[in-house]
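Visitor: Residue strings, one per chain:
2 protein chains.
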Amino acid sequence: MASVYSALIHYPVRDREGTIVTSAVTNVDVHDLARSSRTYGLAGYYVVTPIAAQRVLVGRILDHWRNGAGARRTPERGVALSICEAVASIDAACAAITEREGKEPRLIATSARSEGRPIVTYEQERATLATTDLPTLIVFGTGHGLHESVIKRASVVLAPIRPTGYNHLSVRAATAITLDRLFGDGPSD
Amino acid sequence: MASVYSALIHYPVRDREGTIVTSAVTNVDVHDLARSSRTYGLAGYYVVTPIAAQRVLVGRILDHWRNGAGARRTPERGVALSICEAVASIDAACAAITEREGKEPRLIATSARSEGRPIVTYEQERATLATTDLPTLIVFGTGHGLHESVIKRASVVLAPIRPTGYNHLSVRAATAITLDRLFGDGPSD
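The listed protein sequences correspond, in order, to chains A and B.
Here the numbering used here is used: position 131 in the first sequence is 131, and no number is missing along the way.
Here the numbering used here is used: position 181 in the second sequence is 181, and no number is missing along the way.
Treat the hints as calculated values from the structure; they're not laboratory data.
Note that CB positions come from ideal geometry on N, CA and C, so glycine has one too.
Some hints here could point you the wrong way.
[Claimed, not checked] Derived CB-CB ranges, DEER-like: (1) B/L134 to A/A53: 45 to 55 Å; (2) A/A52 to B/T121: 44 to 54 Å; (3) A/A69 to B/D185: 24 to 34 Å; (4) A/R16 to B/A52: 29 to 39 Å.
[To be verified] The following residues of chain B were derived to be distant from chain A, with all beta-carbon distances above 12 Å: (5) R14; (6) V56; (7) D63; (8) E76; (9) A95; (10) T121; (11) H147; (12) I151; (13) H168.
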């Protein structure tokens, strides 16, 4: 399998009314998505925010767990955060992957809604991931989800995790479930 | 299907050395597990801590999202937290379920390790859940996992999500994946 990367997007995302906004970085998201990404064997995890001060904040969190008191107390967390990096945009994440892998990544978008685009099931995407020789970047939205400009540019939009009924999963939960469905051993395990 | 409940255990859990400890309640765990539990149709979610002051704290968090400023800003979060309650012990959670359902619940333990007990696959537990007329309580550990006394008293110990290799999922991620494997529509969706 070619390398797979995840990214947590703080811009461009939607607010409650669907307006494009920049959301704030949440400390626990930095950890949780790094831990899930590393557990499922991803090659990297990008925290995407255009706000330079927030990227500095992410750098401090990473330093605490990789080199500081956190690394001494909980070394396995440093292992997870070793694959994490803050970048300014989805384009910057794609460029970093292209430089590392020598090929531009496929972009997979995720959404809690049907986005008016053909959606791909987890089973279909598992099959693609098993055979493609391109790297893949899976993007997750904060706030009320990825802005439509991200949905539109993606190669693939994954099916909503819970297509009907009440669905208010946190991005931490949604990321974990998505990675488990794509890379886990499944319910028979 | 009979009613299913979740519980997040802050005592008795293990610390890094395996010693029995009481962990502190984390704000985001209250939300995230309520949101995952409600999304997958569970009947209730218990935050279990023997520390009275921590149960008061949980009560304040619940009040903020059910009745306070949070309810006005994000009403769907109040829906999730409406199924949440803080209780002093696993026994208290079991007693509350027994009173509500008229039958004692089956207790399902979860662990990131193989616990030296026969483990049950998610597929096997899905089959049991589909046919049992008993309520079920699924317990998740904070810290370094449920103390062995909880593992020993459980009817069932679920298989580790990632039985081999690096595994450092947060309890928020592990709960989401467990509920998706037991109650989700699976990778074909």
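Visitor: Quick check: which numbered hints come out false for this structure?
Guide: 3, 8, 10, 13
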